[in-house]
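*Asks:* Sequence:
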Amino acid sequence: MSETPKESVAVKETTPAATPTTTSTTNRLEEGEASYREERRILLDNVAESLLHLVRQMGRANENLHGMVEGCREVEEVSTVWKDAFRADDLPQEDILDTSKE
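Take the sequence shown: its letters are residues 3 to 104, numbered as in the numbering used here.
To be clear, the hints were calculated from the coordinates, so they are not data collected in a lab. Keep in mind that the hints are not guaranteed to be accurate.
What the hints assert, rightly or not - Derived SDA-like pairs: lysine to any residue, alpha-carbon spacing no greater than 20 Å straight-line: (1) Lys85 / Cys74; (2) Lys85 / Arg75; (3) Lys85 / Gly73.
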């Protein structure tokens, strides 16, 4: 029985204990992980800001396009009025006054 405690003591001695180098390595890893997380957070914030800026620009462009569509509709209405007026000028006067053809 006296041999068993010696063996267990020998096993305990061979297990790595917390040495200053192990502790400093762990601290450096934790600092590196914290630094990585901070850099990742900053990067993701920048990406989010860029995407928000892009979405706002697309919204403004969309509003401009809607304005252009409305402008085109107005131009189409005006052109229809002018086209009808020019056609009326080409018709003989009696055809203009004769509404029975419609």
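*Asks:* Hints first: check each against the structure and report whether it holds.
*Replies:* Consistency of the hints with the structure:
Pair hint Lys85 plus Cys74 holds up; C-alpha atoms about 16 Å apart against a cutoff of 20 Å. Between Lys85 and Arg75 the alpha-carbon distance is near 15 Å, which keeps this suggested pair within the 20 Å criterion. Pair hint Lys85 plus Gly73 holds up; C-alpha atoms about 18 Å apart against a cutoff of 20 Å.
Going down the numbered hints, you'll see the structure goes against none, and every one checks out.
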